[in-house]
Amino acid sequence: MIAFILRRLLAIVPVLLGVLVITLVLFFGVSKDPVLPYAGQNPSAEQLRALRVKYELDVPAFYSPSWLRGEDLLDLHRHRRLAAVMASLGATIGTVDESTRRAVEDFRSRWPATRDLRGTESTINREIDALGLEHPPHVAFDDVALTADERAEVDARSMFDSQFFRVMRFRFADSMQYEESIWTLIARKVGISMSITIPMFLVGLAVELLLALLAARHRGRPLDAVITVATVLAMSVPFLSYIVFGQWIAAETQWFPVSGWAPGLAGVKYLAFPIAIGILAGLGSAVRFYRAVLLEEMEQDYVRTARAKGVREADVLFIHVLRNAGIPIVTRISVIIPFLITGSLLIERLFEIPGLGDLMLSGIQARDFWIVMPMTYLIAVVYSVAVLATDIAYALIDPRVRVS
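Numbering (our numbering), first residue to last: -7 to 396.
Keep in mind the hints are simulated off the structure, nothing from the lab.
Fair warning: there could be bad hints in the mix.
[What the hints assert, rightly or not] Across the chosen pairs, the derived CB separations fall in these ranges: (1) I(-6) to V229: 16 to 22 Å; (2) M227 to L18: 41 to 47 Å; (3) S251 to I328: 23 to 29 Å; (4) R180 to R296: 51 to 57 Å; (5) V221 to V373: 38 to 44 Å; (6) A300 to S228: 39 to 45 Å.
Nothing here was measured: the structure is a model prediction, and the numbers come from that model.
No residue lacks a Cβ here, since even glycine has one placed at the ideal position from N, Cα and C.
Kindly produce the complete structure, drawing on both the sequences and the hints.
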């Protein structure tokens, strides 16, 4: 079992890498600069650069070309040079006249230590000459000695300093829209989403299996026909229509609020109607799937043998048939599990429920890289783990299955 789990974990890695690569290509290769929506009208290059630094989007998507060209080492040389210049000017500032002092202070404010210095050596030198000050002795952009530790630190940082490796390490910057960590947002909203999806899943599964058992048990009879026709009709209605029609009913009858959310028990009245609509919308396809699975099992010899032995019909259906149909049922459930955590996008948005689904949609609309990227990656992780758990559950449900 342990060897099987390890093999499946290794198989998950290419899936996660593929999701990560596709998402990064869409953001950095196809779309515009992610910070543009947050830069205002006609932003300058300096403003865009400052936003990229603020939201940690100043590193490349997949690899750092500066590492291949040694630019980070040269940049460290430049900052050493600027530090020496500032130290010299700081020592000189008390011996010059007022106008020169103001010019020096202005120079220092325009060249902070965090500024990108590439291509600025000649500009700095000209400004120092214009101030009439001497250049700091024995400091040049190309002859600053680096220690072995500094060189190793720059090499290690630059080689793997890209969005690809940061996301792989679950290192996410603050949301550009909310100015908060994605982990803080998830912790605040995951409970709201699960308060909808878990009741929707549990109640829906129970109703779906019960209707499927009834239809399979009464195959070819009026009850089966009624359930089959009802499920086909339910499948024919778009999900959005259920929501719109449900909100119209809520507005007309005043039985439930049309939209909104409240914490604690006060939120039950807001969640009951969305949960009911979610169950109804998914009922058709699920009942037809489970009915087909159960009908196949009810044709097996062990069912006829159990009935011939006088086993109660309820025991035949719930103990024998339902258990042996467990593998396809669990397979279908595994597809649903990730959405228990991430929530239902349409239900949360249209009913104004501030869960993870609503967060994901708002991130897409606002082009918030640090919402869409982490959420997409985390959904892929949860889905991959759910598939692994499903494979393990096969052996627990059906003794005939061997994990190998």
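Quick rundown of the hints versus the structure:
Taking the beta carbon of each, I(-6) and V229 are about 47 Å apart, not inside 16 to 22 Å as hinted. For M227 paired with L18, a C-beta distance near 32 Å fails the hint of 41 to 47 Å. Between S251 and I328 the beta carbon distance is about 24 Å. The supplied range of 23 to 29 Å therefore holds. A hinted range of 51 to 57 Å holds for the C-beta pair R180 and R296, which are about 55 Å apart.
At about 41 Å, the beta-carbon gap between V221 and V373 stays in the expected band of 38 to 44 Å. With their beta carbons about 41 Å apart, A300 and S228 fall inside the hinted range of 39 to 45 Å.
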